[in-house]
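Protein sequences appear in the order of chains A and B. Reminder that position 94 of the first sequence reads as 94 in this note's numbering, one-by-one numbering, no gaps. Reminder that position 184 of the second sequence reads as 184 in this note's numbering, one-by-one numbering, no gaps.
One thing to keep in mind: the hints can contain errors.
In silico BS3-like cross-links for lysine-lysine, where the CA-CA straight-line distance does not exceed 30 Å [said to hold, decoys possible]:
1. B:Lys286 <-> A:Lys308
2. B:Lys224 <-> A:Lys221
3. B:Lys321 <-> A:Lys268
Think of the hints as simulated: they come from the structure by calculation, not from any bench. The model shown is predicted, which means the values in this text are computed figures rather than measured ones.
Protein chains: 2
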Amino acid sequence: MQNKKFQKKKSKTSSPEELIEGILKGDKIALSKAITLCESSRNQDRAQANQILKACLPHSGKAIRIGISGVPGVGKSTFIESFGRYLIDKQQKKVAVLAVDPSSEKSKGSILGDKTRMEQLSRAEKAYIRPTATGGALGGVAHSSRESIILCEAAGFDVILIETVGVGQSETEVRQMCDFFLLLMLAGAGDELQGIKRGIMEMADGLVINKADGDNVDAAKRAKRSYQNALHLFPPNANQWSPQVESCSALEHKNMDGIWTMISDHQKLLEENGYWQEQRKDQDRKWFARSLRSLIEMRLFADKSNEKLYKEMEAEVVSGKLAAFEAAEKLLPSLLKSL
Amino acid sequence: MQNKKFQKKKSKTSSPEELIEGILKGDKIALSKAITLCESSRNQDRAQANQILKACLPHSGKAIRIGISGVPGVGKSTFIESFGRYLIDKQQKKVAVLAVDPSSEKSKGSILGDKTRMEQLSRAEKAYIRPTATGGALGGVAHSSRESIILCEAAGFDVILIETVGVGQSETEVRQMCDFFLLLMLAGAGDELQGIKRGIMEMADGLVINKADGDNVDAAKRAKRSYQNALHLFPPNANQWSPQVESCSALEHKNMDGIWTMISDHQKLLEENGYWQEQRKDQDRKWFARSLRSLIEMRLFADKSNEKLYKEMEAEVVSGKLAAFEAAEKLLPSLLKSL
Chain A
1 MQNKKFQKKK
11 SKTSSPEELI
21 EGILKGDKIA
31 LSKAITLCES
41 SRNQDRAQAN
51 QILKACLPHS
61 GKAIRIGISG
71 VPGVGKSTFI
81 ESFGRYLIDK
91 QQKKVAVLAV
101 DPSSEKSKGS
111 ILGDKTRMEQ
121 LSRAEKAYIR
131 PTATGGALGG
141 VAHSSRESII
151 LCEAAGFDVI
161 LIETVGVGQS
171 ETEVRQMCDF
181 FLLLMLAGAG
191 DELQGIKRGI
201 MEMADGLVIN
211 KADGDNVDAA
221 KRAKRSYQNA
231 LHLFPPNANQ
241 WSPQVESCSA
251 LEHKNMDGIW
261 TMISDHQKLL
271 EENGYWQEQR
281 KDQDRKWFAR
291 SLRSLIEMRL
301 FADKSNEKLY
311 KEMEAEVVSG
321 KLAAFEAAEK
331 LLPSLLKSL
Chain B
1 MQNKKFQKKK
11 SKTSSPEELI
21 EGILKGDKIA
31 LSKAITLCES
41 SRNQDRAQAN
51 QILKACLPHS
61 GKAIRIGISG
71 VPGVGKSTFI
81 ESFGRYLIDK
91 QQKKVAVLAV
101 DPSSEKSKGS
111 ILGDKTRMEQ
121 LSRAEKAYIR
131 PTATGGALGG
141 VAHSSRESII
151 LCEAAGFDVI
161 LIETVGVGQS
171 ETEVRQMCDF
181 FLLLMLAGAG
191 DELQGIKRGI
201 MEMADGLVIN
211 KADGDNVDAA
221 KRAKRSYQNA
231 LHLFPPNANQ
241 WSPQVESCSA
251 LEHKNMDGIW
261 TMISDHQKLL
271 EENGYWQEQR
281 KDQDRKWFAR
291 SLRSLIEMRL
301 FADKSNEKLY
311 KEMEAEVVSG
321 KLAAFEAAEK
331 LLPSLLKSL
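Same shape as in the complex, but just chain A (with noise of 0.2 Å):
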């Protein structure tokens, strides 16, 4: 008995204009609770979530978003917690972490320890962390977080970190939600960076060279040489930032205001040039794209057998038996027959 009591205290749910409030306030209980709504994929929850979306798009927007990513061995945790602790006690910045997580739709659940990691960083009042975004249904992880930073910006976060745990398409995801896109490097030659994907490099506003500490200060101050080499073979971005490198230590929190300063400079120039607005509108409309896409293709695939369908179209087009199109227009009548 006393178990369902305090399972039902516990579970205790609150009406969208509670969380609205709460969230407006900067309480990060109802901030948590209204992430879980964007996050589900019951139609209820979809409808209470899209109504406290709507009340925080006002609010939302004046953030700093920052992409983060890297190899696993990288240091991603420490480095988010040196910096996250850098810039609430030396720039008096709220902030919020989110995690993106793709392989997190499979097995719905959180990377262990995710809040742990950050151990600090968790501790701080101006801080907020949440665990690594499952899918739901609706389009995915870059859904839910495209949500999870609208919901944050309301609740007075000022710089969102998004990481990117660097697997599947998680980068490409994360590149269209952030205004400035870090990646974070170890020293030393090609062999060390085989984790990185292909292209990756290319999407960076600034790489920043981890664990510049101990024995390894002096291999750092090369690979940023040959870093910055590197990027000068690169065409130039549309926005006229040229990418930059630095390197840190995330441990012993050395250079963390360097690399605010990278960040600061990249916004300051495009304000200054317009593009700062024009990447987000033009997130805003690739967004839109996508939910539309994914909706229709929920809509289409939410019957099971279309499902089937699909894949027997398909293996017809891998097996060189139909073209694509063709096969296309003979399955669509019966995928539309479900709608």
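For chain A, the structure is supplied; the task is to place chain B on it using the hints.
Leaving out everything else, chain B in the frame of chain A:
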């Protein structure tokens, strides 16, 4: 009267059966007519195109498909002319050249002089040059190019060179339909390369520094080293192929064999480790998914008022009045009415 008669003769239509027979015999006129059908957006043409494609599919797939990209001025036409002649004269190949230019979707015309650009190649019996594809309505240029590849292969061409004009999304689309992606570059650091879009270099299976002739030979050597170093910093491809750098002079027909060796080495490796077929299957799956998506969007937006509704809803998202998902949910019922 005479004029009319002449026109009638010129535009003589052939039945799908005649075109299929012609293509399989290697008749370039039949091939051209069939490609035109694939590019058409008329339902009747589309039905004939499907019939021809279906008959040609079993005879396709044996060629090597090489994507060629590079900024304007890098000498793409001269390179293709030189490389194409090498393939015909020294490797006894039959060579088809297709060009992909998304910008032509608007003008519905081919780039002026597309054929005359490659004067010698276009006169060769064993070459077929198709001027820039126009988009038609069915999923754009990438779609009809994909179908043109099938038809060229059925007509017996065993090397397909797919040229991108380097505008918009064309490189990404061409990457998705070729076995080997070759990026032409110019000697000299940084500045000259500004026209290359970010992310393109990492797509390449091979970089070729063109115009390594005259006073430019030393600069080309330096550029080669420099790009080799840069590529070393990139993560390796999953297919185990390490992108190579070659230099050449298309003007003086120098090192065409080096380039062909590079491409052949790539094919050999990928055929051995299974990635050759894997890449083709993966491309087919994506091609099918894209075809279905285009078809759905085509049906949805065939009604112009739907496009207007879409733009209105998009504006709501960009201005921050609606979150993307709610906007999509609001829009979808209206779109579906037209189906």
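Q) Going straight from one Cα to the other, do Lys286 of chain B and Lys308 of chain A come out at no more than 30 Å? A) holds, 17 Å
Q) Within 30 Å, alpha carbon to alpha carbon, are Lys321 of chain B and Lys268 of chain A? A) Between Lys321 of chain B and Lys268 of chain A the Cα gap is close to 26 Å, so the pair holds against 30 Å.
Q: Would you mind confirming whether the straight-line C-alpha gap from Lys224 of chain B to Lys221 of chain A stays at or under 30 Å?
A: holds, 25 Å
When each numbered hint is compared with the structure, no violation occurs for any of them.
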